[in-house]
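Chains as they are written, first to last, in this note's numbering: chain A, 1 to 549; chain Y, 550 to 972.
Possibly wrong hints are sitting among the right ones.
Said to hold, decoys possible - 25 Å max Cα-Cα, derived DSS-like pairs, lysine-lysine: (1) Y:Lys683 / A:Lys474; (2) A:Lys474 / A:Lys246; (3) Y:Lys554 / A:Lys246.
Unchecked claim - Distance windows between CB atoms, simulated: (4) Y:Asn894 / A:Lys216: 38 to 46 Å; (5) A:Ile549 / Y:Gln954: 34 to 42 Å; (6) A:Lys514 / Y:Glu932: 40 to 48 Å; (7) Y:Trp573 / A:Lys432: 40 to 48 Å; (8) Y:Gln611 / A:Lys22: 56 to 64 Å; (9) Y:Ala740 / A:Asp451: 49 to 57 Å; (10) Y:Lys843 / A:Val251: 17 to 25 Å; (11) Y:Gln954 / A:Thr304: 52 to 60 Å; (12) Y:Gln954 / A:Thr122: 34 to 42 Å; (13) A:Glu80 / Y:Leu815: 35 to 43 Å.
Stated by the list, open to error - Far from chain A by the CB rule (all over 12 Å, computed), these chain Y residues: (14) Trp563; (15) Phe586; (16) Gln618; (17) Leu670; (18) Lys675; (19) Val722; (20) Ala740; (21) Thr749; (22) Arg924; (23) Arg947.
I should point out that these hints are in silico values taken from the structure, not numbers from a laboratory. The structure presented is a predicted model; accordingly, all values stated were derived computationally and were not measured. Backbone N, C-alpha and C fix where the C-beta goes; we use that ideal spot for every residue, glycine too.
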Amino acid sequence: MNKTYYVCKYTPVELLTALGGKCEILNEMPEGFERAEQITHPNICGFGKAVLEEVLAGNIKELVLVNCCDTIRSVYDILEDSGQMDFLYMIDMLHCDIECSRERTAMQLKALTSAYASYKGTTFDKAAFLKAFQPKERTQEPHLAVLGARMGQELFEMTSNSMPLPVVNETCVYNRSVGENLPSEDMDFDALMEWYAGELLHQIPCMRMMDHAGRKQLYQDPSLKGIIYHTVKFCDFYSFEYADIKSHTDVPLLKIESDFTLQSSGQLSTRLEAFAESLGIQKETKKERTMGKGYYAGIDSGSTSTDVVILNKDRKIISSVIMPTGAGAANGAERALEEALEQADIAREDLAAVVTTGYGRTAISDGDKSITEITCHARGAHFLDPKVRTVVDIGGQDSKVIRLNEDGSVKNFVMNDKCAAGTGRFLEMMAKTMEMSLDELSQVGLSYQEDITISSMCTVFAESEVVSLIAQNKRTDDIVHGLNKAVAAKTASLVKRVGGEEAYMMTGGVAQNKGLVKTLEERLGTSMVISEKSQLCGALGAALFATDI
Amino acid sequence: MEIIKTFGNYVEKWCENTPDRARWLLTKGWEAQDMKFRLAPSKKINPSDQYLARMMMNVMLQPLKHPDQSVLVSVFTPCELMQEAGLYPYNVESFSCYLTASSAERAFLQSAEDSGLSETLCSYHKTFIGAAEKGLLPKPKCIVYTNLACDANLLTFQRLAEFFHVPVFSIDVPSGQTSENVAYVAAQLRALRGFLEQTTGHQIDEDKLVQRVKRGYKTLQQFDAFQSARADRFIPSDLVSPLYSGMTNNILLGTEEEALYTEKLLQDVKKAPPKKGKHIYWMHTIPFWSDAVKDALLLNDDVQIVGCELSQATDISRHSEDPYEEMAMRLIYHALNGPISRRINAGIRHAKQAGADGVVWFNHWGCKHTLGGSRIAKKRFEEAGLPTLILDGDGCDRSHGGEGQTSTRLGAFLEMLGDFAHE
């Protein structure tokens with residue numbers, strides 16, 4: 001028998017079950033949206049495209065939707081137009097929970113009963129209806145919660161595995177709370193539907209409801225120890241709630257965004273692990289170590305370079321290396337470590353502990369422990385200058401802003417999204433367009449004459465703006481200044497999101513770009529500490545963590 | 550243009566520390582524009598459109614000059630009750646457009662994003678939220694909104710009500726076109742009357758409301774008659790008049806000014822010369838700020854925009870003598886309510902009515918329903934014999950432009966429609 005899939009908690013699942021349906025939540029994350037983007041615009045919510053992808057793959061023949069949002073309304077339009085479904089239905093769920101809404105909803109339920117019973121060739125089974133209610137049990141134990149827009153199954157598993165406490169999925173369809181009080185057995189069908197309409201509408205509201213004040217109970221739970229707030233690219237609903245929560249909660253909060261594909265898990269896993277580290281709840285499995293001779297190494301395996309710092313037992317840097325990562329994080333790390341050992345004139349056996357960080361950290365088997373670059377950057381920056389409270393790190397693949405506590409631990413952090421806007425990669429692409437090296441680009445832009453604004457932050461559009469500025473014979477300094485302003489605006493936005501405070505330190509290779517640093521300083525209205533060791537900050541933090549082992 | 554850019558820069562800059570001063574500057578700048586419309590209107594457009602520009606400018610100035618008598622509404626909220634309660638309605642979309650036209654949108658967009666709002670949110674809403682929360686916009690008396698016709702309404706107005714600490718009234722509009730749904734909305738509109746009376750202390754006269762709603766219906770009929778009459782006429786067309794009419798025929802529907810505007814339209818069309826060039830019907834908003842679109846379509850004898858769906862969203866074949874039911878019908882049978890096929894069918898009907906040779910479906914960044922339905926729309930319009938261009942862009946945010954692409958796509962489409970010299 002075909003399963004009937006649904007996507008929304010307002011779906012009358014118990015009614016469909018009572019009509020002989022076997023219902024299942026549709027929540028798969030596809031590899032990509034190749035099929036979906038052939039029939040719809042790419043800029044709709046990733047979950048909507050995931051639904052289309054599943055249907056077009058031939059995996060779904062029965063689907064009951066709710067007019068949740070503009071994207072799901074479009075998904076319904078597209079699927080209806082495609083004629084590929086055996087049963088496709090959209091419930092016109094109202095946006096408020098008042099007496100007359102219940103009446104209208106009961107009518108909707110009866111209309112669905114008629115359509116679904118006719119499709120299945122069944123009738124309403126009252127006993128099956130009453131049996132179908134399975135009230136959700138809420139944990140009283142310390143836990144973390146995923147809130148916000150629906151999270152794909154695979155991402156939720158990855159999140160749960162990264163965290164030191166149990167994680168409850170409170171997103172979207174997963175915080176369904178229908179039938180906590182069951183109706184009396186003597187109700188007839190009409191009375192049951194009236195009651196059921198009230199139950200459906202009276203759940204913890206989702207953000208598409210006009211009054212969503214009831215959602216506060218999701219984040220005001222005393223046993224809640226942290227929130228992972230998830231948004232989906234091109235779904236706007238939950239950014240409003242996130243903006244509200246972040247200024248009204250003391251519970252540790254991490255925001256992540258996915259496009260509902262399996263891609264970009266690398267960047268999300270870094271954030272999740274850094275958040276888990278910042279909670280200060282240990283869930284670690286240390287490797288068995290052999291005693292060394294009082295030297296400690298940190299290896300930062302980044303997308304562009306691999307950096308190594310070796311400290312002695314007094315936490316003095318005795319050698320440091322910056323090398324291109326090349327092919328394979330493990331090989332790059334091995335070469336850089338050898339070079340650092342040689343510089344320090346010590347052997348591998350002299351190292352008491354090695355901590356790895358950066359994107360390639362988990363690929364390196366040599367380390368005793370791996371810690372995210374966010375936690376390491378914070379510790380490294382604090383070591384270089386204890387006054388620093390905000391670290392701005394613009395790397396090749398991403399940019400991040402980290403807020404520090406007084407002891408150098410992470411208070412909060414944000415990273416850019418998947419798009420390259422505002423990262424070193426953006427500048428690299430623009431340098432290519434202007435036929436300059438990245439080094440050359442970082443030397444110009446200080447002596448601009450015309451204040452040019454590059455309005456597009458999209459790398460592709462910005463490239464076309466730069467091409468047209470070149471065609472207009474604009475001065476190189478002026479164009480580069482415009483680019484620096486664009487990156488500075490994006491970075492300043494991250495600083496605002498995290499609530500940056502002085503003193504600021506800039507780390508990463510882009511810290512050497514004088515024009516950008518100056519523009520960013522102007523934008524932030526303050527000066528930034530730029531250490532000569534800024535590029536080694538991550539490896540330094542890792543080495544400091546190694547001394548704790 | 551440099552003057553406007555400098556003006557916008559100062560509005561943005563002063564807003565950082567002295568929002569009252571920025572609001573003063575904005576008001577003075579818009580008053581100067583209003584004066585220009587009165588004393589030296591553009592002779593390149595018809596008298597009806599000159600009148601429309603003044604009318605729209607006045608709508609924008611009222612909340613700045615009389616915030617305590619203003620009501621912030623969503624784009625398709627019926628406004629007759631507010632007018633009867635002595636309030637000046639204004640909406641998010643118009644205000645944000647005027648800020649963009651004043652080159653003062655960037656800082657507000659950025660500020661909204663900095664607060665955590667997503668960059669994929671509709672830029673009209675983002676600009677408005679940013680401007681409100683930076684203190685540029687004064688506190689309105691109250692807020693009234695509906696979920697029609699986009700998700701952003703469900704979010705923006707509650708947030709602004711909390712920010713301004715003002716009473717808010719929401720009208721829930723179901724998607725289905727049924728008499729029960731009309732009754733459901735009409736009941737809410739009756740409750741709106743009580744809300745407005747309580748908020749303003751002004752009693753709404755039922756007889757005057759009936760007359761106002763009747764006048765509104767007649768206004769819509771006159772506008773429809775004009776759209777039919779223009780099919781074989783030449784009417785000079787700019788990029789903002791179709792948007793203005795889309796806004797005023799909601800905010801000002803039921804007023805004598807709006808009725809007069811449609812009378813002027815009918816007078817102008819009688820004197821208009823025969824059709825020349827090609828007619829384009831425009832779906833969704835128009836990126837009036839875009840140089841690429843201006844180059845192609847602004848006051849061009851070879852091609853003119855002859856209508857915009859936003860000014861013809863009401864199904865005038867539905868009518869009731871009861872004012873609440875009449876306003877409820879406008880919402881339930883609205884072209885943008887329900888499945889995309891309703892919107893497409895209305896677009897085809899109205900494009901043919903105005904003698905369109907082609908259609909532009911504008912995929913405003915952030916408008917998921919427009920984006921989601923665009924492929925179906927192209928297919929249906931073309932099956933109906935109307936060549937259709939899907940154009941991606943943004944009605945408000947310049948950074949989503951891609952001017953080169955817009956120019957190429959629009960230029961090629963116009964060339965494809967043929968038989969006129971396009972550069």
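Hints, one by one, checked against the model:
1. Straight-line distance between C-alpha atoms of lysine 683 of chain Y and lysine 474 of chain A comes to about 34 Å, which puts the hinted pair past the 25 Å bound.
2. For the suggested pair lysine 474 of chain A and lysine 246 of chain A, the alpha carbons sit about 43 Å apart, so the restraint of at most 25 Å is broken.
3. Proximity of lysine 554 of chain Y to lysine 246 of chain A is assessed by CA-CA distance (about 35 Å); at most 25 Å being required, the pair is judged violated.
4. For the pair asparagine 894 of chain Y and lysine 216 of chain A, the beta carbons lie near 43 Å from each other, so the given range of 38 to 46 Å is met.
5. The given range of 34 to 42 Å is broken by isoleucine 549 of chain A and glutamine 954 of chain Y, whose C-beta atoms sit roughly 54 Å from each other.
6. Distance hint check for lysine 514 of chain A and glutamate 932 of chain Y: the Cβ-Cβ separation is about 59 Å, which falls outside the suggested range of 40 to 48 Å.
7. Between tryptophan 573 of chain Y and lysine 432 of chain A the beta carbon distance is about 46 Å. The supplied range of 40 to 48 Å therefore holds.
8. As the Cβ distance of glutamine 611 of chain Y to lysine 22 of chain A is approximately 58 Å, the hint placing it in 56 to 64 Å holds.
9. Take alanine 740 of chain Y and aspartate 451 of chain A: their Cβ atoms lie about 53 Å apart, and the range 49 to 57 Å holds.
10. Take lysine 843 of chain Y and valine 251 of chain A: their Cβ atoms lie about 50 Å apart, and the range 17 to 25 Å is violated.
11. Under the hint 52 to 60 Å, the C-beta atoms of glutamine 954 of chain Y and threonine 304 of chain A, about 31 Å apart, miss the expected range.
12. Here the CB-CB span from glutamine 954 of chain Y to threonine 122 of chain A is close to 53 Å, at odds with the stated 34 to 42 Å.
13. Glutamate 80 of chain A and leucine 815 of chain Y have their C-beta atoms about 40 Å apart, which keeps the hinted 35 to 43 Å range intact.
14. The non-interface label for tryptophan 563 of chain Y is consistent with chain A: the shortest C-beta to C-beta separation is roughly 16 Å, beyond 12 Å.
15. Look at phenylalanine 586 of chain Y: its CB is around 28 Å from the nearest CB on chain A, clear of 12 Å, so calling it non-interface holds up.
16. No beta-carbon of chain A comes within 12 Å of the beta-carbon of glutamine 618 of chain Y; the shortest separation is about 25 Å.
17. With 12 Å as the threshold on Cβ separation, the claim that leucine 670 of chain Y sits away from chain A is violated: the shortest Cβ distance comes to roughly 4 Å.
18. Against chain A, the non-interface label of lysine 675 of chain Y is violated: not every CB pair exceeds 12 Å, the least being about 9 Å.
19. For valine 722 of chain Y, the condition that its CB be more than 12 Å from all CB atoms of chain A is violated, with the nearest at approximately 8 Å.
20. A beta-carbon of chain A is positioned within 12 Å of the beta-carbon of alanine 740 of chain Y; the least distance is around 10 Å.
21. The Cβ of threonine 749 of chain Y lies farther than 12 Å from every Cβ of chain A, with a closest approach of about 22 Å, so its non-interface assignment holds.
22. Listed as outside the interface, arginine 924 of chain Y is inconsistent with that label: its C-beta sits roughly 6 Å from the nearest C-beta of chain A, within the 12 Å cut-off.
23. Taking the minimum C-beta to C-beta distance to chain A, about 5 Å, the non-interface status of arginine 947 of chain Y is violated against the 12 Å cut.
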